[in-house]
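2 protein chains.
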Amino acid sequence: QVSLRFRDAFECMRKLRINLNFIYDHNPKVFLENIQTFISELNSTNHINLFLTELKEEDTTSSMYPRPDGSALLPQTGGPKKVDVVCDALRRTMETLDQNKYFLSILTSHVKKTVPELEIALQKVHELRVKPPESPGSVSAEEALKYLLFLVDVNDLYDHSLGTYDFDLVLMVAEKSQKDPKEYLPFLNMLKSLEQNYQRYTIDKHLKRYRKALQHLSKCGDGCFPEALQLVKEQKLFAEALRLYPADSPHYRALSCAYAEHLVEGRQAEQAGLLLWRCGELTSALQAFVSCSSWRNAICVAQQIPLPPEHLALLARDLAVKLSEQRRHAEAAVLLDQYAKDCEEAILALITGACWEEALRLIYTHNRQDITETNLKPALLDAVGAQNAFLDAQVATFTRHRSRLAAVREHKAKARLDMLDEEGLDCPDAELYSEASSVMTTSKYSHSNSRISSRSSKNRRKAERKKLSLKEGSPMEDRALMYALSELVTTVDKMREEVSDLLRALVLFQYHRQAEALQLAFQEALQMMEAAVPEVWPEGPQSGQTPLTGPNSTANSIMASFQQQQQQQQQPPPASQQDADFLVPPKMRNCIKWKLSILT
Amino acid sequence: QVSLRFRDAFECMRKLRINLNFIYDHNPKVFLENIQTFISELNSTNHINLFLTELKEEDTTSSMYPRPDGSALLPQTGGPKKVDVVCDALRRTMETLDQNKYFLSILTSHVKKTVPELEIALQKVHELRVKPPESPGSVSAEEALKYLLFLVDVNDLYDHSLGTYDFDLVLMVAEKSQKDPKEYLPFLNMLKSLEQNYQRYTIDKHLKRYRKALQHLSKCGDGCFPEALQLVKEQKLFAEALRLYPADSPHYRALSCAYAEHLVEGRQAEQAGLLLWRCGELTSALQAFVSCSSWRNAICVAQQIPLPPEHLALLARDLAVKLSEQRRHAEAAVLLDQYAKDCEEAILALITGACWEEALRLIYTHNRQDITETNLKPALLDAVGAQNAFLDAQVATFTRHRSRLAAVREHKAKARLDMLDEEGLDCPDAELYSEASSVMTTSKYSHSNSRISSRSSKNRRKAERKKLSLKEGSPMEDRALMYALSELVTTVDKMREEVSDLLRALVLFQYHRQAEALQLAFQEALQMMEAAVPEVWPEGPQSGQTPLTGPNSTANSIMASFQQQQQQQQQPPPASQQDADFLVPPKMRNCIKWKLSILT
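Protein chains in written order, with this note's numbering: chain P, 1 to 600; chain F, 1 to 600.
What the hints contain is simulated information worked out from the structure, not anything from laboratory work.
No more than 20 Å apart at the CA atoms, straight line, and that leaves these computed lysine to any residue pairs for SDA-like:
#1 F:K593 with P:S293
#2 F:K82 with F:M64
#3 P:K494 with F:M588
#4 P:K341 with F:T365
#5 F:K587 with P:Y483
#6 P:K212 with F:T600
#7 P:K587 with P:A484
#8 F:K341 with P:N367
#9 F:K494 with P:C591
#10 P:K587 with F:W537
#11 P:K593 with F:G266
#12 P:K494 with F:I592
#13 P:K341 with F:N367
#14 F:K236 with P:E516
#15 P:K236 with F:S597
#16 P:K377 with F:D248
#17 P:K587 with F:K494
#18 P:K208 with P:Y184
#19 P:K412 with P:E535
#20 F:K146 with F:V111
#21 F:K341 with P:Q338
#22 F:K176 with F:V152
#23 P:K377 with F:A247
#24 F:K219 with F:N197
#25 F:K236 with P:L599
#26 P:K377 with F:Q304
#27 F:K595 with P:V264
Among chain F residues calculated to face chain P with C-beta under 8 Å, some are:
#28 Q271
#29 N297
#30 I299
#31 E357
#32 L360
#33 V507
#34 V584
Here the structure is a predicted model, which is why all the values come from computation and not from measurement. Ideal placement from N, C-alpha and C gives every residue a C-beta, glycine not left out.
Isolated chain P, as found in the complex (with noise of 0.2 Å):
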């Protein structure tokens, strides 16, 4: 049972200078249902006002005032704001009661709002104004513009006023400001001059609402285009634009121009190639689109030009080669096929990338197979070669890295056990403790914030990544082994297609030993890869943090094997779950089967 003796509270909490959200913050349900109750009881509008300007976004229940069972409710995020919801709650409740009684308070409501309806405040004044009540006791309009200026500043409420392009109310407002008539009186007479939309234009312009203005200007007719695309591209509003114009009419194809223009500093080459295209700029999409390698668009917009054949071969060379600097191959290989119409650079292409199976396909499709011998058997054999000499190196590579972090582990817990003896054991409580609160604090820390920061986290796990040394003795040498090897795991792991294709080709040219050769030191490779897992990366997610007791546990090696785990998660927070992909052993695609039956 609630007795909402909401005066007695309030005046209370005046005496004792407590915080008056209070009164909503502790129970917000109750006060939304008795808003009625609440003005009726407080009985003035001096008092609902105070209450409206003490309102803060923040819940007191949490910050100055905790609830001594400690059950502080979860903030709320993203839901309507609790100072917007007090304020209309009051003010709807009481418009019913008596509008003229509260119109001071009902002003407050307007401008305490998380973004102050000040036009809104100002049009009900001006309505005052403009029609007086006549019930006694309501405030005039006089009275209410000076209580509006004590609480807003006259700037901001002159600009607001402008802003609802009432020039009554600008005038009402300018009056009661300290501003010079003989400056703000020739700006207001020039304005009403004016064309409605340009006018209105003016005053967003003048306002700094940009979006506003060039939805007003774009009403001013064809005259005003070229002003319209200049605000478009000093206020960088393309997207705006674009929606304000019909998508046949030039003006839409001068913004899409524009607009690429923009995008194409932006490194956004593609986009930008899209926009010209849509809008029929054939050639500017065109150099767009080859700019940024988007060759299929780039070949299609050529086509509708059309370029004459010779010139479509030759950006398909450019193209090509383009491509053949980012290693795409087979995409190269398309565009020297079929609009440079040289099959021969196509397969040389192919060969290079080692697509194997379609170098076949275009030899045989275009009766090339001289090519078989003089390219395609010899890259064959090279590429076999550079395999093997490429899983020498990163076997040879995990194999150190492997040894290495066995000998820093070791070196490692022997050490921490030698701190132990040599300290005794007589107070570590107050250590453990304080460990593991800052484990406590920074994990909180990390999570709260990975949405929020996440490009400075980025940055941060770059920096981190630096600091990871494989220097011998570096503090997080073992980190960077097990950074270094888990890469070369995923490297490895990544050969399978790779692999498998060129184990087929050889075989299909009877490069049988080769194949055999290859086929076995890879799947070592990977198998003494798969066999060291456990070792590098003891600590799977599940696989059971050493338990700290046991039947064979002494005081010793309990705190030793405690203190390890402290030490573990004490270690440089892990700015994301990201960042401790290494510590996870990283996946093996068992699941491709890429070894040949045929080869034993």
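Got chain P; can you put chain F on it based on the hints?
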């Protein structure tokens, strides 16, 4: 300092019935360095034989007689076997000291090897018979053979004598055996009458040594090839057989065909195709490639045959149908466009496969812009509708599973605390110990086994997944929910590329509104899932387990969190790292830039 009183040790051990392996195991290095002393100290063929026959592949210092300090050496794996090392070392020394004196021990050292060297032992007996030594006290061939028969089963010895292809040896053994000369003499005489290679083949086959049999048979000339082919098929010796015949021979071709048939039966049609193609069996190769949709190879072979154009077109259509069924629409389009010469069907395949850019490329290349209106644009609108609907469904399921997971977890936590309250904290140690130790053993088990029984663990994994039921109240519902949530995140994350392609196409065709809506919906889905990660997967690899102790902890909270950790570890042990996949937050590929900046 080691005194090497081998004789005293040996006698003492015999008396006390101590396993003789211990003489070596106790200190392998010293034993191997002092073998000569060992032999001269024992000074008895019988004793040496006794020692040799007792040798076992086992380290008695870790099995029967563990060291008091518990410092067991790690079992060597992979290296040469202990029994072989000791046999070889002893034999080398005995042969240097006195080959005749130690003759029987030398025989023993051959017979006792991991793979008994019966042929060599027999050979040595044979030499003894042919050329009896003159030194007094030498053993006779008769005696030696008798000793061998005491060590080895007579039939084994007979088989191995046959395996030497030395009929003298065979007769020698046969005479000593209980075999009936009426049985073995005709067989031996038959063998003697055969050509040498065929004779050896016959013997090998009799002894079931099929590889050797095939090697000998392959040297018997063309007449024997049918018999060889039969043997290859029966014993599946395809790979070996191909090595025995030159690649350009008709035999090689016949063997390839047989091998291919076998591979097709084993669902390895592509490898079959490669074998058939390389030996020139084009029709069969084509069939094999078609059956496994290896379309590039199929087309190459078809052109090599060469198939007439109309047949090639039909083949291309058949393959395209197969590929489309496998959702490989882009590849189907290549076939339809380039080999069936049906650009319209090709474009439709690309549209079906949502390959918008490639579809446009063919549209412009073949000047079929009409298809843009009739098919491409309607398909784009269908696609955006489908993607939106799919996204909605994924998000709805995610939200449902997520809140159910929270409920299940809360329920479990409450149940745990209730249990603690009921049981009190009188003596929880015993329970904790048993849990902790069982964790240790299971995790050990899963580690050591992860390599060997990958197949069976795969089955186990499958079985485990089945146990995870989403049914409300099922025992591992929380895990099932995490697994389902992980799958949902992965599915939505995989849509990045497809959505990005669709957005570009929509923009190009002025479907701006639809594009904006899809971009927004997809972005919100990704953000919602990413934001849910810390809640659903609170225990990242290093996000820090709840620390057991801390300034705010109470006895109860420490117990509770400790038990919780134990329980998590105790839940059905993951069969391997991969099993615990869904316990780690799924990776989101935020590196993939799918958004268009022109959509706001």
